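Put the two chains together into one complex, using the hints given.
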Amino acid sequence: AQTVTQSQPEMSVQEAETVTLSCTYDTSESDYYLFWYKQPPSRQMILVIRQEAYKQQNATENRFSVNFQKAAKSFSLKISDSQLGDAAMYFCAYSPGGGGADGLTFGKGTHLIIQP
Amino acid sequence: EAGVAQSPRYKIIEKRQSVAFWCNPISGHATLYWYQQILGQGPKLLIQFQNNGVVDDSQLPKDRFSAERLKGVDSTLKIQPAKLEDSAVYLCASSLVIRGRSPLHFGNGTRLTVT
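If you're matching them up, the sequences are chains Z and H in order. Mapped onto our numbering, the consecutive letters of the first sequence carry residue numbers 8 to 123. Mapped onto our numbering, the consecutive letters of the second sequence carry residue numbers -8 to 106.
No wet-lab data here; the hints were simulated from the structure. On a predicted model such as this, the values are computed, not experimentally measured, just so you know. Please note: incorrect hints may appear among the correct ones.
[Said to hold, decoys possible] Lysine to any residue pairs mimicking SDA-like chemistry, simulated, CA-CA at most 25 Å apart:
(1) Lys80/Z to Pro94/H
(2) Lys2/H to Ala95/Z
(3) Lys35/H to Ser81/Z
(4) Lys115/Z to Pro52/H
(5) Lys35/H to Ser35/Z
(6) Lys2/H to Val105/H
(7) Lys115/Z to Asp48/H
(8) Lys53/H to Arg0/H
(9) Lys35/H to Gln15/Z
(10) Lys35/H to Met18/Z
(11) Lys77/Z to Thr10/Z
[Unchecked claim] Cβ pair distances, simulated, as ranges:
(12) Pro123/Z to Ser57/H: 45 to 51 Å
(13) Asp54/H to Thr25/Z: 47 to 53 Å
(14) Ala11/H to Thr10/Z: 29 to 35 Å
(15) Asp38/Z to Trp13/H: 31 to 37 Å
(16) Gln76/Z to Ser9/H: 43 to 49 Å
(17) Arg7/H to Thr67/Z: 46 to 52 Å
(18) Thr67/Z to Glu5/H: 45 to 51 Å
Every residue, glycine too, gets a C-beta built ideally from N, C-alpha and C.
Isolated chain H (complex conformation) (with noise of 0.2 Å):
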């Protein structure tokens, strides 16, 4: 089965400015998750979907990101504007079932560098 796609692989741009990553899951995948993961440190999510609604957007910074998953496949996750604590890397993942019994399949992440 293909994996889970993410682009651009990289991506620099200025502070202020905006930017958009793009995701698509494994085909059927219902759950999709975007995680950020500074350098050094663990990733940390961001953002879950079951199909197209939100389960959790607690850590989700609200005046700067945005994500949408239009019609439960494809998600955007979005930075405006952008700071110097955005650079990091973005991991988007998928899995099956929502609760842990199916395993997450990762993409290889976006990285993202804010000059």
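This is chain Z alone, in the form it adopts within the complex (with noise of 0.2 Å):
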């Protein structure tokens, strides 16, 4: 079975800096997906970006990026300019690929603070 661990429960960033959060999976399948998302107060699962671990390019999306190493079944998401609206949990997740079901993997999760 699939597992995905996060291992900063809260991280706390000045509004501006960078911040990046940790995540360790584990698969013996070479085709699958990774995700973080956010969820903030509202409960709403909102996806921030998406990995496919066939692609050695690393994910981007605006001042989100992230750090996937497969061999080392990391994947890291760094933000940058963070902003008061990011504050919110974060959370890792992992798809197989190929046939059959495909339902999320999910991490603990981290709780982002932004200070002001």
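Right, dumping it as structure tokens:
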């Protein structure tokens, strides 16, 4: 079974600075997808960024980028120029590729606090 | 486009009672998921539908939980009888296609409190 581990229960960063959230995962598959989701107090999960395992290039979305290390099974999220609206729970998630079920496996989350 | 709709937003029941949650996915989305999120944890997949067929229900406690997706559109998740440990947020999500190639769209969830 796949597992996703987020070792930082809480992170704090000053507004406009950069913060990195860590995630490691365990799988025996070679084809899979990795995601970072943001969950504000409204409870709605919002996709931040997605990485396909077969792509070596790290995904970027505006101020958000990832450092995908496939051999190390590491998938960290970097948020540049942090804004107050970035404050939320952040979840790392894994989805298998290939055939069959593809429901997400989530980590326990990191609570990100933005200091004004 | 309209998002994933869920109701009710909140529900409080006593243990051993029954409860049902409703989800209306985004129009045209074939895949529908129900997740359980216990406080302080990440969501856990309960069941995945592809149209009106079950793709994965391996983590659904079938002695008390049931789900259906009639006509491949709306879905209902039921708990009967509820236990204290069922207190959680129940999230519904939908996607256009399977296999992670299209993003999941989540609803705002139903917060269930069992007393």
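Hint check results:
For the suggested pair Lys80/Z and Pro94/H, the alpha carbons sit about 22 Å apart, so the restraint of at most 25 Å is met. About 24 Å separates the Cα atoms of Lys2/H and Ala95/Z, which keeps this hinted pair within 25 Å; it holds. Note on Lys35/H and Ser81/Z: the hinted pairing holds, with a Cα-Cα distance of about 21 Å set against a maximum of 25 Å. Between the alpha carbons of Lys115/Z and Pro52/H the distance comes to roughly 21 Å, so the proposed pair stays at or under 25 Å and holds.
Of the supplied pair hints, the one linking Lys35/H and Ser35/Z holds, its CA atoms being roughly 20 Å apart against a limit of 25 Å. Proposed proximity of Lys2/H and Val105/H is supported: the alpha carbons are some 9 Å apart, at most 25 Å. Among the hinted pairs, Lys115/Z with Asp48/H is consistent with the structure: their alpha-carbon atoms are about 21 Å apart, no more than 25 Å. With a C-alpha separation of about 24 Å, the suggested pair Lys53/H and Arg0/H falls inside the 25 Å cut-off, and the hint holds.
The suggested pairing of Lys35/H with Gln15/Z holds, with an alpha-carbon distance near 19 Å, which does not exceed 25 Å. For the suggested pair Lys35/H and Met18/Z, the alpha carbons sit about 23 Å apart, so the restraint of at most 25 Å is met. Pair hint Lys77/Z plus Thr10/Z holds up; C-alpha atoms about 15 Å apart against a cutoff of 25 Å. Between Pro123/Z and Ser57/H the C-beta distance comes to about 47 Å, which sits within the given range of 45 to 51 Å.
Remark: the range hint 47 to 53 Å for Asp54/H to Thr25/Z is upheld by a beta-carbon distance near 48 Å. The hinted range of 29 to 35 Å is satisfied by Ala11/H and Thr10/Z, whose Cβ atoms lie roughly 32 Å apart. The hint said 31 to 37 Å for the Cβ distance between Asp38/Z and Trp13/H, and at roughly 34 Å that hint holds. The hinted range of 43 to 49 Å is satisfied by Gln76/Z and Ser9/H, whose Cβ atoms lie roughly 47 Å apart.
As the Cβ distance of Arg7/H to Thr67/Z is approximately 51 Å, the hint placing it in 46 to 52 Å holds. Distance hint check: the CB atoms of Thr67/Z and Glu5/H are about 49 Å apart, consistent with the given range 45 to 51 Å.
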